[in-house]
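Take a look at the letters that make up each chain.
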Amino acid sequence: SQQGEEDPQALSIQEGENATMNCSYKTSINNLQWYRQNSGRGLVHLILIRSNEREKHSGRLRVTLDTSKKSSSLLITASRAADTASYFCATIIQGAQKLVFGQGTRLTINP
Amino acid sequence: GAVVSQHPSRVICKSGTSVKIECRSLDFQATTMFWYRQFPKQSLMLMATSNEGSKATYEQGVEKDKFLINHASLTLSTLTVTSAHPEDSSFYICSARLNSVSPETQYFGPGTRLLVL
Numbered sequence: 007s008q009q010g011e012e013d014p015q016a017l018s019i020q021e022g023e024n025a026t027m028n029c030s031y032k033t034s035i036n037n038l039q040w041y042r043q044n045s046g047r048g049l050v051h052l053i054l055i056r057s058n059e060r061e062k063h064s065g066r067l068r069v070t071l072d073t074s075k076k077s078s079s080l081l082i083t084a085s086r087a088a089d090t091a092s093y094f095c096a097t098i099i100q101g102a103q104k105l106v107f108g109q110g111t112r113l114t115i116n117p
Numbered sequence: 229g230a231v232v233s234q235h236p237s238r239v240i241c242k243s244g245t246s247v248k249i250e251c252r253s254l255d256f257q258a259t260t261m262f263w264y265r266q267f268p269k270q271s272l273m274l275m276a277t278s279n280e281g282s283k284a285t286y287e288q289g290v291e292k293d294k295f296l297i298n299h300a301s302l303t304l305s306t307l308t309v310t311s312a313h314p315e316d317s318s319f320y321i322c323s324a325r326l327n328s329v330s331p332e333t334q335y336f337g338p339g340t341r342l343l344v345l
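Chains as they are written, first to last, in my numbering: chain A, 7 to 117; chain B, 229 to 345.
Read the hints as simulated data drawn from the structure, not as lab findings.
Think of the CB as a built atom: it goes at the ideal place given N, C-alpha and C, for glycine as much as any other residue.
A hint or two may mislead.
Restraint-style ranges between C-beta atoms, simulated for each label pair [as the list claims (entries may be wrong)]:
#, chain 1, residue 1, chain 2, residue 2, range
1, A, 72, B, 283, 34 to 44 Å
2, A, 17, B, 298, 32 to 42 Å
3, B, 341, A, 22, 48 to 58 Å
4, A, 34, B, 311, 18 to 28 Å
5, B, 283, A, 74, 32 to 42 Å
6, A, 24, B, 338, 25 to 35 Å
7, B, 269, A, 33, 23 to 33 Å
8, B, 231, A, 23, 14 to 24 Å
9, A, 73, B, 230, 39 to 49 Å
10, B, 257, A, 88, 46 to 56 Å
Input sequences plus hints: build the corresponding full structure.
Right under this line is the structure:
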């Protein structure tokens, strides 16, 4: 079963704009991760944020985590056409050793 | 970073035949590998967890006799789709966990697209 729900399901913006994707989850977690998947390809790990962290940055990526609301957001600043992909959040449920993925957001950056 | 490969990248087969997909960790030993299935425009669904030298653990709803998993070495896991049917057509992705010390770190293969005619 899916652990996370993401919104929006699809997002289309102009190059240079910022893109924000949200993820909500149901159970307690040790950490939350974000992945990118280009069409028909494997997954690329973007960033991991632990349950005791509230915000994390990596280049143009900014991730926040609110454990009280069981939600996370991924912000991509100054978007580029190459950022076009699907983005998934994933969690490892406490006590388990497996990643469970959200539904994903399909991001399209228009040149 | 660590590299995981899958072979083949794409396979087309006739209904009723069996297809084997290989997942290899190229530059590290993976005690645990995972198999996921992804239908078009959907998320990844975990099928099974494969531990080297032991039986795989299947997720609820995944038929273990249909999706045979073998993890005979620390660098290779195979998924065999037996008696494939058109509804098995999907994108199959494996991942490998580096070690138990860092369980959250998984490296994903590029995926195998299966089309059953």
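Hints and how they fare:
1. A:72 x B:283: 34 to 44 Å: With Cβ atoms ~39 Å apart, the hint holds.
2. A:17 x B:298: 32 to 42 Å: holds (40 Å)
3. B:341 x A:22: 48 to 58 Å: Because 33 Å falls outside the window, the suggested range is violated.
4. A:34 x B:311: 18 to 28 Å: violated (40 Å)
5. B:283 x A:74: 32 to 42 Å: Holds, since residue 283 of chain B and residue 74 of chain A (Cβ atoms, about 39 Å apart) stay within the stated range.
6. A:24 x B:338: 25 to 35 Å: holds (29 Å)
7. B:269 x A:33: 23 to 33 Å: holds (25 Å)
8. B:231 x A:23: 14 to 24 Å: About 34 Å separates the Cβ atoms of residue 231 of chain B and residue 23 of chain A, which means 14 to 24 Å is violated.
9. A:73 x B:230: 39 to 49 Å: With Cβ atoms ~29 Å apart, the hint is violated.
10. B:257 x A:88: 46 to 56 Å: Check failed, 33 Å falls outside 46 to 56 Å.
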